[in-house]
Amino acid sequence: MRTFGPASEVASPPAAWGIRRAVRMAFPEPAALAGDPVHAERLARYLADLLHPYGLSPDPSEHVGQSYGEMGEALIHAAVPAGESVDLLVLAYSIPDLTPGRATATYLSHVCPGTPMAFAVSDQGTASAFTALRLVDAYARSGGLRRALLLVVEQNSLPYDPGIPVTVPAESRGVALLFGEPLPGERPARVSAPAAEPAGAELLRNSDPSQPGTGVWWELAGELARPAAGPRRLLLADHDSGRLVTVDLDGEVPR
Amino acid sequence: MPEHDTADPALREQLVDTICDLLPLVLKREVTGATADTTLMEALGMSSTTGLELVLELEERLAVEISVEDLGRDDFGTVGSLADYVAGNLLPEA
Amino acid sequence: MTALLAVADYLPPGRVPIEELAGDFGLTPMQVKVFRRYHRLGSVRRDPHGSLLDLLRGAVAGLDALPGREHRVRYVLHARTFPTVVPYPHNPVRELCRELGLDRATVFAVGHHACASGLLAIDVAGRLLAADADPGGLALVLAGEKAFTPEAGMVPGTSFFGEGASACLVAPAGDRDRVLSYAADLRGEFDTDAPEQALEFQRIYADALAAAVLAAVERAGLTVDAIGVILPHNVNSVAWHQVCRTLGYPRERVVLDNVATAGHVFCADNLVNYRTARQRGLLRPGEPYVMAAAGAGRGATFSAMVLQH
Numbered sequence: 025m026r027t028f029g030p031a032s033e034v035a036s037p038p039a040a041w042g043i044r045r046a047v048r049m050a051f052p053e054p055a056a057l058a059g060d061p062v063h064a065e066r067l068a069r070y071l072a073d074l075l076h077p078y079g080l081s082p083d084p085s086e087h088v089g090q091s092y093g094e095m096g097e098a099l100i101h102a103a104v105p106a107g108e109s110v111d112l113l114v115l116a117y118s119i120p121d122l123t124p125g126r127a128t129a130t131y132l133s134h135v136c137p138g139t140p141m142a143f144a145v146s147d148q149g150t151a152s153a154f155t156a157l158r159l160v161d162a163y164a165r166s167g168g169l170r171r172a173l174l175l176v177v178e179q180n181s182l183p184y185d186p187g188i189p190v191t192v193p194a195e196s197r198g199v200a201l202l203f204g205e206p207l208p209g210e211r212p213a214r215v216s217a218p219a220a221e222p223a224g225a226e227l228l229r230n231s232d233p234s235q236p237g238t239g240v241w242w243e244l245a246g247e248l249a250r251p252a253a254g255p256r257r258l259l260l261a262d263h264d265s266g267r268l269v270t271v272d273l274d275g276e277v278p279r
Numbered sequence: 062m063p064e065h066d067t068a069d070p071a072l073r074e075q076l077v078d079t080i081c082d083l084l085p086l087v088l089k090r091e092v093t094g095a096t097a098d099t100t101l102m103e104a105l106g107m108s109s110t111t112g113l114e115l116v117l118e119l120e121e122r123l124a125v126e127i128s129v130e131d132l133g134r135d136d137f138g139t140v141g142s143l144a145d146y147v148a149g150n151l152l153p154e155a
Numbered sequence: 253m254t255a256l257l258a259v260a261d262y263l264p265p266g267r268v269p270i271e272e273l274a275g276d277f278g279l280t281p282m283q284v285k286v287f288r289r290y291h292r293l294g295s296v297r298r299d300p301h302g303s304l305l306d307l308l309r310g311a312v313a314g315l316d317a318l319p320g321r322e323h324r325v326r327y328v329l330h331a332r333t334f335p336t337v338v339p340y341p342h343n344p345v346r347e348l349c350r351e352l353g354l355d356r357a358t359v360f361a362v363g364h365h366a367c368a369s370g371l372l373a374i375d376v377a378g379r380l381l382a383a384d385a386d387p388g389g390l391a392l393v394l395a396g397e398k399a400f401t402p403e404a405g406m407v408p409g410t411s412f413f414g415e416g417a418s419a420c421l422v423a424p425a426g427d428r429d430r431v432l433s434y435a436a437d438l439r440g441e442f443d444t445d446a447p448e449q450a451l452e453f454q455r456i457y458a459d460a461l462a463a464a465v466l467a468a469v470e471r472a473g474l475t476v477d478a479i480g481v482i483l484p485h486n487v488n489s490v491a492w493h494q495v496c497r498t499l500g501y502p503r504e505r506v507v508l509d510n511v512a513t514a515g516h517v518f519c520a521d522n523l524v525n526y527r528t529a530r531q532r533g534l535l536r537p538g539e540p541y542v543m544a545a546a547g548a549g550r551g552a553t554f555s556a557m558v559l560q561h
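Residue numbers (the numbering used here), protein chains in the order written: chain C, 25 to 279; chain H, 62 to 155; chain U, 253 to 561.
Okay, chain C solo, but in the shape it has when bound (with noise of 0.2 Å):
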């Protein structure tokens, strides 16, 4: 059980608040579930009843795809340290998984270190995640949260055409963000989300439009992941909701 006090304005999340891991991890296989035949003939009405008030139907070539739930129980046992508990996951997406109906982020919840309270952020393209940082954020200053996990995934298959215009990830991947108070030894970085871009912060681009959900967030993690040469200010930008997002590595950048 999660309990929550009133929401109330509070100055900052606490002091030293920010992202202690990164994790990026590719699922180049399908999931477990894809060869299920009791899932796949679920899966097949839903679908179709989905598509059905669009004038659309399911694509009658193979498709198999990834589980959001799969690959975020990797993405947990990767990024939380053993013996410790989070309080708060968010998981975002944009293209659903082959879960469609599925509470995806209530089972994370399960299988999570500290069953955190949990919820999922989508239907807003490549901004999800940005939505998804801010919320957590924003429990780090009112929730009364000591760890939280970002989860950002995006997979691989999208089994009708939508008669509109998508980009269909090339490759299923996820990246886990673990924040909370560092502890010794670890590097903090430092979230925050400016109104208007900031001078002399580095700007990281997604080089890899073909994956639209996670591509900035797994330069991020490639960037955590690199040892340390002096303060750096990266900036996260989203163009389709003008979103910002600035990451402060290794010490503070004189503002």
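It cannot be assumed that every hint is accurate.
[To be verified] Just a few of them, taken from the derived set where beta-carbon distance is under 8 Å, the chain U residues facing chain H:
#1 Met-282
#2 Gln-283
#3 Arg-288
#4 Arg-289
#5 Tyr-290
#6 Gly-409
#7 Leu-451
#8 Gln-454
#9 Gln-494
#10 Arg-497
#11 Leu-534
[Said to hold, decoys possible] If you anchor each label on the Cβ, the simulated ranges turn out as follows:
#12 C:Pro-186 - U:Gly-426: 24 to 30 Å
#13 C:Ala-50 - U:Gly-473: 45 to 51 Å
#14 C:Ala-194 - U:Asp-355: 29 to 35 Å
#15 U:His-323 - C:Ala-50: 41 to 47 Å
#16 H:Pro-70 - U:Thr-513: 39 to 45 Å
#17 C:Gly-59 - H:Thr-93: 36 to 42 Å
#18 C:Ser-85 - U:Arg-532: 51 to 57 Å
#19 U:Gly-473 - H:Glu-126: 43 to 49 Å
#20 U:Ala-313 - C:Ala-72: 52 to 58 Å
#21 C:Gly-59 - U:Gly-388: 51 to 57 Å
#22 H:Pro-85 - U:Gly-473: 51 to 57 Å
[Stated by the list, open to error] Listing some non-contacts, in silico: residues in chain C with all C-beta distances to chain U over 10 Å:
#23 Glu-65
#24 Asp-73
#25 Ala-127
#26 Val-135
#27 Ala-162
#28 Ile-188
#29 Gly-209
#30 Arg-211
#31 Leu-258
#32 Leu-259
Think of the hints as simulated: they come from the structure by calculation, not from any bench. Where is the CB? At the ideal position from N, CA and C, for every residue including glycine.
Got chain C sorted already, so can you dock chains H and U onto it with the hints?
Quick look at chains H and U alone, frame taken from chain C:
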């Protein structure tokens, strides 16, 4: 169960017999050796929906009307506890 | 403190008796009789020619407080019972925002708590507005879905979904319908098709829902006696009677009026019942009340929120 000690023992016995009789019908399988002490959920794997079907089947079989207003989870403990509930909640004929 | 500035709902006029749905779901006449006699379900609303956009538009049309405040709406959230309700990347909520002139809003869906996602969305909206520290900011929280597939048509052995929608304008502060607390119990262990887990779920349902209500009430620093009324989810009447027995709360103070005539309106139930409670004069100024819901279907969430009218 002191709250049910006013129930007519003959009526209760009839209800227990009828419930046991109806078990195979609602569970859609053979059920042997059920008694007043048989647990409905644990021993027979009965779901709450099936339990309710059992109550309504009982109405039809005995041509009575049962008030389901206060029927709670505890009443579905055993064949006997369900019989006690029914005995105490028969509605007078309209 | 988060406050609900305005609440509205929409139920389409079409009513379908549950007996007519029996065939779609392979129910025997006896099973339907159980739903009617015991669960007190009667008919559900359906809008056979309408879309999700139509339902949501219907709810927003009742929000008298929205016109003139469009520019203040920072967020538009759609609370989802089912995570995917339209073909990707179609987005009727964005279409609605265009119609309404909500051009500046961040528009997204929030969920994975099944039918308890409506309370989640109110909490999420409140946290975002509080973090923005912009006293003029507002969030529009939408709920409601189409019963588009059998999975979204009924909850086996428990309820039938009815089509409809709710809309709620959330403010970071206000003096009416303030959110005092929120509790959510996520039970991912029920993410399985195993029949023994389904039985276990039925066994714990009322206790877990009662525990969520109690946790929210305690978090608000109150006791259950102080709660004037409970605005439930419309899953069925009997589940709530059991919750009342567990809580020792009078069932007359749970607004079950819409169970028999509207069915379980996805995440919109609590706000549909809010309207009924106001019409019946059950919400008294200053008195705390509870909105509560259980979400089920491959994973379960039991949630409750305490508000003060």
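Here is what the structure says about each hint:
| no. | hint | result |
| --- | --- | --- |
| 1 | Met-282 | 5 Å, holds |
| 2 | Gln-283 | 7 Å, holds |
| 3 | Arg-288 | 10 Å, violated |
| 4 | Arg-289 | 6 Å, holds |
| 5 | Tyr-290 | 5 Å, holds |
| 6 | Gly-409 | 4 Å, holds |
| 7 | Leu-451 | 6 Å, holds |
| 8 | Gln-454 | 5 Å, holds |
| 9 | Gln-494 | 6 Å, holds |
| 10 | Arg-497 | 6 Å, holds |
| 11 | Leu-534 | 22 Å, violated |
| 12 | C:Pro-186 - U:Gly-426: 24 to 30 Å | 40 Å, violated |
| 13 | C:Ala-50 - U:Gly-473: 45 to 51 Å | 48 Å, holds |
| 14 | C:Ala-194 - U:Asp-355: 29 to 35 Å | 32 Å, holds |
| 15 | U:His-323 - C:Ala-50: 41 to 47 Å | 43 Å, holds |
| 16 | H:Pro-70 - U:Thr-513: 39 to 45 Å | 43 Å, holds |
| 17 | C:Gly-59 - H:Thr-93: 36 to 42 Å | 40 Å, holds |
| 18 | C:Ser-85 - U:Arg-532: 51 to 57 Å | 56 Å, holds |
| 19 | U:Gly-473 - H:Glu-126: 43 to 49 Å | 46 Å, holds |
| 20 | U:Ala-313 - C:Ala-72: 52 to 58 Å | 32 Å, violated |
| 21 | C:Gly-59 - U:Gly-388: 51 to 57 Å | 53 Å, holds |
| 22 | H:Pro-85 - U:Gly-473: 51 to 57 Å | 53 Å, holds |
| 23 | Glu-65 | 12 Å, holds |
| 24 | Asp-73 | 3 Å, violated |
| 25 | Ala-127 | 4 Å, violated |
| 26 | Val-135 | 7 Å, violated |
| 27 | Ala-162 | 4 Å, violated |
| 28 | Ile-188 | 7 Å, violated |
| 29 | Gly-209 | 30 Å, holds |
| 30 | Arg-211 | 25 Å, holds |
| 31 | Leu-258 | 21 Å, holds |
| 32 | Leu-259 | 19 Å, holds |
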